[in-house]
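**Q** Read off the chains here:
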Amino acid sequence: MTTATETPQVVTTARSKELVLDVDGLKMYFPITRGLLKRKVGEVKAVDGVSFKMRRGETLGLVGESGCGKTTVGRCISRLYKPTAGTILFNGEDITTMPEKEFRPRRRDISVIFQDPYGSLDPRQSAGSIVGEPLKIQGMVETKEDYLERVEALFGKVGLDPDLMGRYPHEFSGGQRQRIGIARALANDPSLVICDEPVSALDVSIQAQIINLLMDLREGSSGLSYIFIAHDLSVVKHFSDRIAVMYLGRIVEITTPEELYDNPLHPYTRALLSAVCVPDPDIEAARERIVLQGEVPSPVNPPSGCTFHARCPIATPECRTTIPTLKELGDDHEVACLHIQ
Amino acid sequence: MSTQTGIQTPACDIRPAGELLRVNDLQTEFKVEGGIVHAVNGVSYTVNEREIVGIVGESGCGKSVSQLSVIQLIRKPGRIVGGEVWFEGDNLLKYDSKGAEMRAIRGAKIGMIFQEPMTSLNPVLTIGRQLTESLELHLDMKRKESRKRAAELLNLVGIPSAETRLDDYPHQFSGGMRQRVMIAIGVACQPRMLIADEPTTALDCTTQAQLLELMLSMIEGCRGSLVLVTHNLGVVARYANRIYIMYAGKIVEQGLCRDIFYRPQHPYTVGLLNSVPRLDEERGRRLVPIEGTPPNLIGMPDRCAFYPRCPERGEQCRLQPWPELEPVEGEGHMARCYMRAGRAEE
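Chains as they are written, first to last, in this note's numbering: chain A, 39 to 379; chain B, 1293 to 1638.
Here chain A stands alone, though its shape is the one from the complex (with noise of 0.2 Å):
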């Protein structure tokens, strides 16, 4: 684990050129219908012209406040919401506006795990069949022994003892329900995997048996991706290869981890690095501390141009009129930033 050579997973992601995923100018708005007609009367633009580009066995961090389009992102994604604008090619083929019959047979390759563990498990259904039922709709088993031999073998892969398949959601603890949460994501053998704040409703002693579960996933398999959505940058910066910071609906600036944390160029990435408390007492009391001032705005009506200009300690007149582009800026970094060169 100590040199990037020694890791397989590093191999698969570095080396590997093949896309899983490529969204290119990806929007998202939602309307805000009044009165009895259902007049529009606005737009929460959710998500508003976000591109990047996933290589097969790569998990990208997706790291943002709550209403930066982080969730949104995802769900476009696994295609739970039709997206306003842009495209998402997903391993080369445009899944945007591909028709829902013609999605079917690839709605395998792309799982979701959600936040949630109490809410994301229907209760009145036991474990075994919660994790077995995307076995039955893809059509994945012929005869009944395959099926339940498939959900002990997911459940032994997940850690949970095969002999609690009969039990119901209220019996397990939240860390073990979020074990049946992923034991179902992966039923159908997926090649995309969306988290959605997978680890933030457990306690912290919890957390670490979720994070380490998944990360043995991903090496157990052979280009398994992850998309993990998370507002704890701890957490992201630990699981992911690379991180894409989002506010408003943007992606301000995406990087990997080490340049992330040692070379953080966009003003709010900066903010936000220094808002997270390290356990280290010695190590705070030498941070920098950024406060930024106001809150995010609504994103009912966001900012003109860069939607951080308000709350930007860099910003000049022309951040309020101009909307920055994403702009490589070395190797493997690019920033949304007009004033960062």
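To be clear, the hints were calculated from the coordinates, so they are not data collected in a lab. Only true hints are included.
Stretch-level coverage of chain B by chain A, calculated; a stretch enters the list once three of its residues show a Cβ under 8 Å from a Cβ in chain A:
1. 1458 to 1470
2. 1498 to 1505
3. 1513 to 1527
4. 1543 to 1553
5. 1580 to 1586
Don't be surprised by glycine CBs; every beta carbon is placed ideally from N, CA and C.
Since chain A is already given, all that's left is putting chain B on it; use the hints.
**A** Just chain B, lined up with the frame of chain A:
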């Protein structure tokens, strides 16, 4: 343990210099279906003047209940069954929870900030009314005067156009703004001590940083102490002077901030520190989780509650009752562990 009335230190009226709060053997239990939960099971701690004390633990460890017990805000089926809470020379537990003495302390000498700014503000009262209430009650201010002071307070906590916002209701504020209002209420009467229970957990990172800094400057402004209850080790590393680590209703380790982080003694503290990913470390370090799950507090056997999850457990831990807090290396550094006790002498 629970039958003890908890008189360990006889006369607490003679306080050591600088000591503001001394909690002795506090016990709070909840009667629930299936048994009694000893949520706070003999907790003792002190808060000195102008000190920031961190109380750290995971959900269900009793950290919040211990704080609510100190200010007697425990509702049925909960009950404080033992212990003493010495605050400025008075044992608060001898007062009736709804009596005049307790009301004169709560919100005045001891301020409180709770986790959920959404639910801890009254939705049908204006922000102004909720602020002026404690000013009028505790500081005998008249309507006009209290309103002026309330606007000043809102201004202090960084709410723009404070004067007009006094007439707004909580739902018209964002989460961060509501927590600013909570801070304003918490420090309205210049408390000697502010209890902040997970004050920023429900908020975004950058807002968290803003509010923690704000809370600190406010409490420094009125020369008070701060009790910071949190599960976030990073936050206490940044702010706390001393730290108490709680597990299953008991304090398992206590000490100066540096001792807790650089010389942790209790296996649970060590486990917590190893299980969190850190921003400043290299990617790919294998986290060391604490195996198993937190204990069910109903019908726990009388032994170390961390025993089933402990990587260092020994035979003694299984057979004997919970050990007492024993001194270990470091000033005021104590841990509740058979395997670590006596290390100080070695």
